[in-house]
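Asker: From first to last, the protein sequence lines are chains A and B.
Numbering-wise, the first sequence is residues 20 to 285 according to this note's numbering.
Numbering-wise, the second sequence is residues 20 to 285 according to this note's numbering.
Calculated from the structure, these hints are not laboratory results.
Hints may be right or wrong, so weigh each one.
Unchecked claim - Taking lysine-lysine and the DSBU-like style, the derived pairs with C-alpha atoms no more than 30 Å apart in a straight line are:
id, chain 1, residue 1, chain 2, residue 2
1, A, Lys74, A, Lys123
2, B, Lys66, A, Lys66
3, B, Lys123, A, Lys66
Protein chains: 2
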Amino acid sequence: VGELVFIGLGLQDERSITLRGVEETNRCDRVFAEFYTNPMPDLSLQKLEGMLGKKVHILSRSQVEEDPIGQILTHAKTGRVAFLVSGDPIIATTHIELRLLAEKNGIKTTLVHSSSIYTVAAATVGLQLQKFGRAITLPIMEGDAFPESPYDFLAQNKKLGLHTLALLENRPDGRHLSISDALQALKNISNRRNDHLLGDESLVVGLARVDSSSQMVQGNLLGELMSLDFGGPPHSLIIPGRLHFKEAEALHVFAHVPHPLLEAYL
Amino acid sequence: VGELVFIGLGLQDERSITLRGVEETNRCDRVFAEFYTNPMPDLSLQKLEGMLGKKVHILSRSQVEEDPIGQILTHAKTGRVAFLVSGDPIIATTHIELRLLAEKNGIKTTLVHSSSIYTVAAATVGLQLQKFGRAITLPIMEGDAFPESPYDFLAQNKKLGLHTLALLENRPDGRHLSISDALQALKNISNRRNDHLLGDESLVVGLARVDSSSQMVQGNLLGELMSLDFGGPPHSLIIPGRLHFKEAEALHVFAHVPHPLLEAYL
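Sequences are here, hints too, so could you generate the full structure?
Answerer: Listed below in structure tokens is the structure:
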């Protein structure tokens, strides 16, 4: 009987997998990985394979989503298969669906967790996780089209005084939504709606390559942040709601937000 | 110059630390840990010390919160100190404050992340993380007193169709809020307010000792779940909002929810 073990790689590099993740991979007959949902800038495939002592087969989006039977499940039906995923696995919808499909095919599934951007982003800047509303994903804009629903959720959070984590899309071909393009798109919607929720004077925090050696975290007025080059992906944003005074202090120390900007959010 | 390295232990046992966590601990002169914010049922201190090759000094709540200078910061001022914490560190307010205090005292702080109940709970039952509203903590009841604000946040989430993760309090003395006591308290508030948000017929999911060898996960009607013994801590709850059909399928497969109960939530 087969088994499919989802193993989180964390965010940083080949060393942000857990000890149990390494042990479980060693017990597997075949090791797959995907990096298209979230790139890991510091990860070296060669080092990862050397560490595990195993060949790691990288799968494309279509191999995971359109033909999961073709590779992963065919092997998992008769043997033990490890599927390495950046962050904590089973967060992306595509992994949930793969897990369900495996169970439907009589394949046992096991989860080996690691760190996720959902908690690490908040921890990095010192904001309280329990004061975050629902998180949103912002997609790469196609022409002028930008979906309204993530903005609706951001507006809901804002009205409740909650922080919002926005993950910016990464494409398998390497394209990604940058912090400045995301801010421009959000500002445009706010302007058009005339809701006064987001403008050049709003406090936002940009986070690039969180937990990597080239991590860049900077909070400032939206208008200031838009002209800053955050470099390569992955990018994310935190749009703060109301701040506890300890959170304001944390944003000053860990996201370099000038003190005077914080006062309006207390 | 000193350094304080916050290192996540994850949820499971001594093997849910990352490789980087082990390396960083090895570079430290002194190793502290606290387990009062969240107990780890499978962790063996002896195995952890054996694996790290270092003595681990367990700190009480008062040593971390009331006298952080006394132990942790005194050592971190002149040397490199590791502070091991269950889950992903810097999620609890007390760790954020300790990190701020360290920086104020000129001590460099570093974060080494691991998995957290905030993402693992959703992953375990296959619900989409982006459909969770703000998480809540429910405290042990003192007499009949139970705070209203977590219920207010739960009600907000419910009205927006969002899922809610509720973490149930653990005390340093080993006492903890059980799933059935938490459900009784929430039901009482709903009854008193007559808001029809939660009752015996509501779908809830109980999670005990998530990611440990004795993990227990069961979804059912609140009235049914209240009589179930989930065993020792830590306990948590998920109160689902509206379900995508894939989420309903996941709750059936991974939280054993009978199919007919799920239909009202689609």
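Asker: Now tell me if each hint is right for this structure.
Answerer: Evaluation of the provided hints:
| no. | hint | result |
| --- | --- | --- |
| 1 | A:Lys74 <-> A:Lys123 | holds (28 Å) |
| 2 | B:Lys66 <-> A:Lys66 | holds (27 Å) |
| 3 | B:Lys123 <-> A:Lys66 | violated (37 Å) |
Hint 3 from the earlier list is the only one contradicted by this structure; the remaining hints agree with it.
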